[in-house]
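There are 2 protein chains.
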Amino acid sequence: METADKLAAVDRYIEAFEKADLGMIRALYADDAVVEDPVGTDPHRGIEAICAFYEGALGAGAKLALSGTPRCAGNAVAFPFQVILPGMKMDVIDVFEFNDAGKVVSMRAYWGPENAIPG
Amino acid sequence: METADKLAAVDRYIEAFEKADLGMIRALYADDAVVEDPVGTDPHRGIEAICAFYEGALGAGAKLALSGTPRCAGNAVAFPFQVILPGMKMDVIDVFEFNDAGKVVSMRAYWGPENAIPG
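Order-wise, the sequence lines are chains A and B. Under my numbering, think of the first position of the first sequence as 1, with each following residue one higher. Under my numbering, think of the first position of the second sequence as 1, with each following residue one higher.
For the record, the hints were derived by calculation from the structure and aren't laboratory data. Careful: at least some of the hints might be erroneous.
Identical copies go unnamed one by one, so any copy, or any two together, can satisfy a pair.
[Claimed, not checked] Below 25 angstroms or equal to it, Euclidean Cα-Cα: the simulated SDA-like pairs (lysine to any residue) are:
| id | residue 1 | residue 2 |
| --- | --- | --- |
| 1 | Lys-89 | Gly-74 |
| 2 | Lys-89 | Ala-65 |
| 3 | Lys-19 | Leu-85 |
| 4 | Lys-89 | Asp-32 |
| 5 | Lys-89 | Thr-3 |
One chain only, chain A, in its complex shape:
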């Protein structure tokens, strides 16, 4: 998978939150993808469980803003960003892994309570 395609997937992910567009999220993921958010919690397995998870985040009005350059390596991209919610922000790093069809098969989100920023 080309670097440009991985970067485009990150852009579409951020745009999906901006537009609260669950269809855009669904289009990014493989049917058998696994989302672990945050790492260390029970993963969401399969596209329906994943969409249910994102429906909650989009419904809460979460927006994303990159806080550094995405880093592409192998079949993956890691990118730092802030989740912006009413009254708080959260520093997060997501790692997407892609399959040969260019769909995200694994998303792992790194964040903890100490990454929350009031306001």
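Got chain A sorted already, so can you dock chain B onto it with the hints?
For chain B alone, kept in the frame of chain A given last:
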């Protein structure tokens, strides 16, 4: 493993580069650790192969500077930083995974050519 211990490991890692101290790097890793830097390349398996890898980086005078807050989750920490070398910088995200003894068992580094910054 406590969040404070994971953050301390990141601090020691940066200090090890600052001091070009291979012993500090060795002390961070488990004997059977695996380092994949960048992701998608052949991993360095075991502490001796890992130390040989870092010996090259330290010998080249590489220094590290955090470019955002480390994100702790589960048994891992992901952190964004710049590698600073004479004449260039590189944006990187590393992910450390720890074993129960508090040693790093897996390091995966995300970066690509597009993350290089001249000067």
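For each hint, the structure was consulted:
1. Lys-89 / Gly-74: Close across copies (20 angstroms), not inside one copy (30 angstroms); limit 25 angstroms.
2. Lys-89 / Ala-65: Both: 10 angstroms inside a copy, 23 angstroms across copies.
3. Lys-19 / Leu-85: Within. Shortest intra-copy distance 14 angstroms satisfies the 25 angstroms Cα cut-off; inter-copy 40 angstroms does not.
4. Lys-89 / Asp-32: neither (30 angstroms within a copy, 38 angstroms between copies)
5. Lys-89 / Thr-3: For Lys-89 and Thr-3, the Cα distance is within 25 angstroms only across copies (19 angstroms; inside one copy 28 angstroms).
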